[in-house]
Amino acid sequence: GVSIIESRQFLRTGEIEIPDWAIPLGASAIPSEVENGAAGEAATWTGRPEAERTGSERIKSRRAGFNVSPRDPSTPPARAGSAHDEHCFASGFSLRVPLMDTTIYLDYLTARFGKASGEIHANVRFKKLEDVDAKFDLVIDCAGIGARELVNDPDLEPHRGQVAIVPKIESLSAAIVCDEAPLMYAIPRANDCVFGGTNEVSDNLTADRETTSRILAECGRVLNIDKPTVFAERVGLRPFRRSGIRLERDRLRDGRTVIHNYGHGGAGFTLSWGCAREVLEVAVSSW
Numbered sequence: 001g002v003s004i005i006e007s008r009q010f011l012r013t014g015e016i017e018i019p020d021w022a023i024p025l026g027a028s029a030i031p032s033e034v035e036n037g038a039a040g041e042a043a044t045w046t047g048r049p050e051a052e053r054t055g056s057e058r059i060k061s062r063r064a065g066f067n068v069s070p071r072d073p074s075t076p077p078a079r080a081g082s083a084h085d086e087h088c089f090a091s092g093f094s095l096r097v098p099l100m101d102t103t104i105y106l107d108y109l110t111a112r113f114g115k116a117s118g119e120i121h122a123n124v125r126f127k128k129l130e131d132v133d134a135k136f137d138l139v140i141d142c143a144g145i146g147a148r149e150l151v152n153d154p155d156l157e158p159h160r161g162q163v164a165i166v167p168k169i170e171s172l173s174a175a176i177v178c179d180e181a182p183l184m185y186a187i188p189r190a191n192d193c194v195f196g197g198t199n200e201v202s203d204n205l206t207a208d209r210e211t212t213s214r215i216l217a218e219c220g221r222v223l224n225i226d227k228p229t230v231f232a233e234r235v236g237l238r239p240f241r242r243s244g245i246r247l248e249r250d251r252l253r254d255g256r257t258v259i260h261n262y263g264h265g266g267a268g269f270t271l272s273w274g275c276a277r278e279v280l281e282v283a284v285s286s287w
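For the sequence shown, my numbering gives the first residue as 1, with consecutive numbering after it.
Any given hint could turn out to be false.
[Stated by the list, open to error] Derived Cβ-Cβ restraints for the label pairs, each shown as a range:
(1) 257 with 93: 13 to 23 Å
(2) 257 with 168: 44 to 54 Å
(3) 103 with 250: 46 to 56 Å
(4) 224 with 250: 45 to 55 Å
(5) 255 with 152: 18 to 28 Å
(6) 92 with 236: 33 to 43 Å
(7) 287 with 116: 45 to 55 Å
(8) 175 with 116: 22 to 32 Å
(9) 113 with 242: 43 to 53 Å
(10) 180 with 131: 41 to 51 Å
(11) 92 with 213: 45 to 55 Å
(12) 203 with 111: 38 to 48 Å
(13) 234 with 123: 16 to 26 Å
(14) 255 with 107: 20 to 30 Å
Everything labelled a hint here was simulated from the structure, so no lab data went into it.
Ideal Cβ placement from N, Cα and C applies to all residues, glycine included.
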């Protein structure tokens, strides 16, 4: 999902004011896991031409579409039964936000980039940023976890995530997430469903069968379904940065300008448009 807020920094307690222009887009204030990522969440959907279709005229209140199920002291903290059963979790909340289907969204971004005369060159490796072709006088560093070696940033650490891709579940119309141990999420997509997951400091990209079995068991228990077929097992590394996102202008040893933009942890999609806008502002101010 995507949360849209306007402030750069905020307290984790207390209500966050959402700008009026964002309410029709389904804006909801949810802190991201990165330390200084609030500003990046502000523009994620305003930069998309079809963003106007994600909202609803029925959304009138700043708290519309956001429901909290407070913890009932008499309810044991266990997860069992149907996901549609309010007693499946001891407490929680639900809200309406846009949900990105990455199997569609990434192709959309690629096509949009191409229409803007952008070019993608795959399987190109650099040992240092100065290795970028000298014809480019501005370099944007979006190396993710690779920035550990590329710019020698010891603050980056890989937060390993493993998921299982399973068949589409017709009864699942919304994503279900539980951040408390054991981490669990089920994200429906157009043609399949993502079951997760893990979040551990590791750079191991090999899928672990036991982890997949645990993911299937936990998601199956919450959704109250039989063990599904596994289409694929996927492993990725979230580029978590202990000191927060690095988004700043710097100078390469050869004198060229570089703008760093990495360290978004697991909030890359959520922060992408806002951070891209800030990168543009920094780039324009450099000339």
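### Message
Against the range 18 to 28 Å, how does the distance between the Cβ atoms of residue 255 and residue 152 compare: consistent or not?
### Response
With a Cβ separation near 19 Å, residue 255 and residue 152 satisfy 18 to 28 Å, so the hint holds.
### Query
If you check the beta carbons of residue 175 and residue 116, does the distance land in 22 to 32 Å?
holds (30 Å)
### Message
Verify the CB-CB distance for residue 92 and residue 236 against the hinted window 33 to 43 Å.
### Response
Given range 33 to 43 Å: violated, Cβ gap about 26 Å.
### Query
That 16 to 26 Å hint for residue 234 and residue 123 (C-beta), does it hold up?
holds (20 Å)
### Query
Do the Cβ positions of residue 287 and residue 116 conform to the proposed distance bound of 45 to 55 Å?
Violated: the Cβ-Cβ distance is about 19 Å, outside 45 to 55 Å.
### Beta-carbon spacing of residue 255 to residue 107 - inside the hinted bounds 20 to 30 Å or not
The hinted range 20 to 30 Å is violated for residue 255 and residue 107, with Cβ atoms some 37 Å apart.
### Query
Has the hinted range 46 to 56 Å been met by the Cβ atoms of residue 103 and residue 250?
violated (35 Å)
### residue 257 paired with residue 168, Cβ distance criterion 44 to 54 Å
At roughly 46 Å between Cβ atoms, residue 168 and residue 257 fall inside 44 to 54 Å, so the hint holds.
### Message
Against the range 38 to 48 Å, how does the distance between the Cβ atoms of residue 203 and residue 111 compare: consistent or not?
### Response
Hint violated: Cβ distance 32 Å, outside 38 to 48 Å.
### Task
Check the following: the C-beta atoms of residue 180 and residue 131 are separated by a distance inside 41 to 51 Å.
holds (44 Å)
### Task
Just tell me: holds or violated, for the beta carbon distance of residue 257 and residue 93 against 13 to 23 Å?
violated (43 Å)
### Message
Between the beta carbons of residue 92 and residue 213, is the distance compatible with 45 to 55 Å?
### Response
violated (25 Å)
Comparing the model with each numbered hint stated earlier shows that hints 1, 3, 6, 7, 9, 11, 12, 14 do not hold.
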